[in-house]
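Undergrad: Residue numbers (full-length UniProt numbering), protein chains in the order written: chain A, 1 to 184; chain B, 1 to 184.
A few of these clues could be false.
To be verified - What the simulated footprint calls covered on chain A by chain B, stretch by stretch (three residues with Cβ under 8 Å from a Cβ of chain B suffice, anywhere in the stretch; the number is not a length):
no.: 1; region: 85 to 92
no.: 2; region: 119 to 126
no.: 3; region: 137 to 147
no.: 4; region: 167 to 181
In short, the hints are calculated from the structure, not lab data.
Bear in mind that the values here come from a model prediction, so they are computed numbers and not experimental data.
Quick reminder that beta carbons are idealized off the backbone N, C-alpha and C, glycines included.
Protein chains: 2
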Amino acid sequence: MSTNHEEDIQKEEVEDANLASEAEMTEDNSVETETKEAEKTELELALEKADEFENKFLRAHAEMQNIQRRSNEERQTLQRYRSQDLAKKILPSLDNLERALAVEGLTDDVKKGLEMVQESLVNALKEEGIEEVATETFDHNLHMAVQTLPADDDHPADTIAEVFQKGYKLHERLLRPAMVVVYN
Amino acid sequence: MSTNHEEDIQKEEVEDANLASEAEMTEDNSVETETKEAEKTELELALEKADEFENKFLRAHAEMQNIQRRSNEERQTLQRYRSQDLAKKILPSLDNLERALAVEGLTDDVKKGLEMVQESLVNALKEEGIEEVATETFDHNLHMAVQTLPADDDHPADTIAEVFQKGYKLHERLLRPAMVVVYN
Numbered sequence: 001m002s003t004n005h006e007e008d009i010q011k012e013e014v015e016d017a018n019l020a021s022e023a024e025m026t027e028d029n030s031v032e033t034e035t036k037e038a039e040k041t042e043l044e045l046a047l048e049k050a051d052e053f054e055n056k057f058l059r060a061h062a063e064m065q066n067i068q069r070r071s072n073e074e075r076q077t078l079q080r081y082r083s084q085d086l087a088k089k090i091l092p093s094l095d096n097l098e099r100a101l102a103v104e105g106l107t108d109d110v111k112k113g114l115e116m117v118q119e120s121l122v123n124a125l126k127e128e129g130i131e132e133v134a135t136e137t138f139d140h141n142l143h144m145a146v147q148t149l150p151a152d153d154d155h156p157a158d159t160i161a162e163v164f165q166k167g168y169k170l171h172e173r174l175l176r177p178a179m180v181v182v183y184n
Numbered sequence: 001m002s003t004n005h006e007e008d009i010q011k012e013e014v015e016d017a018n019l020a021s022e023a024e025m026t027e028d029n030s031v032e033t034e035t036k037e038a039e040k041t042e043l044e045l046a047l048e049k050a051d052e053f054e055n056k057f058l059r060a061h062a063e064m065q066n067i068q069r070r071s072n073e074e075r076q077t078l079q080r081y082r083s084q085d086l087a088k089k090i091l092p093s094l095d096n097l098e099r100a101l102a103v104e105g106l107t108d109d110v111k112k113g114l115e116m117v118q119e120s121l122v123n124a125l126k127e128e129g130i131e132e133v134a135t136e137t138f139d140h141n142l143h144m145a146v147q148t149l150p151a152d153d154d155h156p157a158d159t160i161a162e163v164f165q166k167g168y169k170l171h172e173r174l175l176r177p178a179m180v181v182v183y184n
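The task is simple: from the sequences and hints, build the whole structure.
TA: Have a look at this one:
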C-alpha cells in the first residue's frame with residue numbers, strides 16, 4: 001500500500017519536472033523561428049513575442065495552481081494515513097497481549113494490569129483511526145479464510161465460524177485482514 | 001564617525017528598497033506611459049507588451065519552483081514525524097507494561113509473555129525512530145526534575161539519582177521528558 005503511494009508521488013514529480021522543462025524549451029524554439037523567417041517585420045516579430053510570453057505566462061500560472069492543489073491533496077493523504085506504519089508494527093504486540101491474557105491461572109492483579117495495557121493500546125489506536133475489522137459475514141476484502149467448514153442449515157455459506165487473528169483497518173484502508181474459519 | 005557610518009548604512013538600505021520596488025513599478029509605469037505618450041509607435045507598444053509578459057512569465061516560473069521546493073520540504077517533514085501522535089499515545093501503555101512487570105510473584109509464563117509484548121512494542125517504536133531519552137547527566141532539554149537531592153562529593157550536581165518515568169524522543173524531537181530525581 002505505502003509503496004504504491006510513494007510511486008504515485010514519484011510519478012507526479014516526474015510530470016512536474018517535464019512541465020517545468022517544457023517552458024524552457026519553447027523559449028529555444030522561438031529563437032529558431034526568428035532566424036528562419038527573417039522576412040517578417042519587426043512589428044510582427046514583436047507581436048509574436050508578446051503573444052508567446054503571454055501564453056507562457058498563462059500556462060505557468062495554471063500549472064502553479066495545479067501544483068498547489070496537488071500538494072494540498074497529498075498533504076491531506078499523508079496526514080490521514082500518517083499512523084499506518086507504526087500501527088502495523090504495533091498489532092503483533094496487541095496479539096501477544098491477548099495471548100498473555102488467555103493464559104490460565106493469572107492472578108487478579110496481573111490480569112487487571114494486562115487489561116489496562118490492552119485497553120490503553122486499543123484506545124491509542126482508535127484515536128488515530130485504527131479499528132478492528134468486523135467479522136459478522138465473510139468478506140474477501142477484509143478477511144482471509146485460513147480454513148473452511150462445510151455449510152449446513154444452521155451455518156449457511158459465508159458464516160464465520162472462528163477468528164484466529166483479528167484484522168485491523170485505518171479509516172477505510174485495510175492494515176491486515178482477519179484470519180478466519182468460514183463455512184462454505 | 002559612527003553616526004556617519006550609520007547614515008551610510010541607511011542610505012544603502014534606501015537604495016536597496018528602491019531597486020526592489022523598481023521591478024514592480026516598471027509594470028505600472030508602462031501603463032501610464034502608454035496613455036501619456038499616445039504618439040508611441042505600434043512597434044514600441046508591442047515590444048513593451050512582450051517585455052511585460054516575459055517578466056511576468058519569469059516571475060511565475062520562479063514562484064512555481066519555490067512552491068515545489070516548499071512542498072517537498074513540507075512532505076519530508078510530515079514523513080519524518082508522521083508517527084508522532086500515535087507514539088505519544090502509546091507511551092502510557094508502555095509505562096503500564098513496565099509497572100505490570102514490576103509486580104511481585106509473577107509466574108515465569110506470565111513474565112515471559114509480558115516481556116515479549118514489551119519487547120515488540122519497544123521495537124515497533126524504535127523502527128519508527130522513537131527511542132528512550134538518555135539519562136546520564138541532567139539536561140533540562142530532555143529531563144524534568146520532579147525532586148532534588150543535595151549534591152555531595154560522591155554525587156556532583158546534575159547527577160541523576162533516579163528515573164521516575166522514562167522520556168522518549170522521535171528522531172531529535174522530544175515526545176516527553178524523562179521525570180527524574182537530580183542532585184544539585
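Undergrad: Count the residues of the region 85 to 92 of chain A whose Cβ falls closer than 8 Å to any Cβ of chain B, and tell me whether that reaches three.
TA: The restraint on the region 85 to 92 of chain A holds, since 6 of its residues have a Cβ under 8 Å from chain B and three suffice.
Undergrad: Between the region 167 to 181 of chain A and chain B, see if three or more residues pass the 8 Å beta-carbon test, and mark the coverage as holds or violated.
TA: violated (count 0)
Undergrad: Are there three or more residues in the region 119 to 126 of chain A whose C-beta lies closer than 8 Å to some C-beta of chain B?
TA: Coverage by chain B holds here, the residue count being 5 at a Cβ distance below 8 Å.
Undergrad: Report holds or violated for chain B covering the region 137 to 147 of chain A, Cβ cut-off 8 Å, minimum 3 residues.
TA: violated (count 0)
Hint compliance for this structure: hints 3 and 4 are broken, all remaining hints hold.
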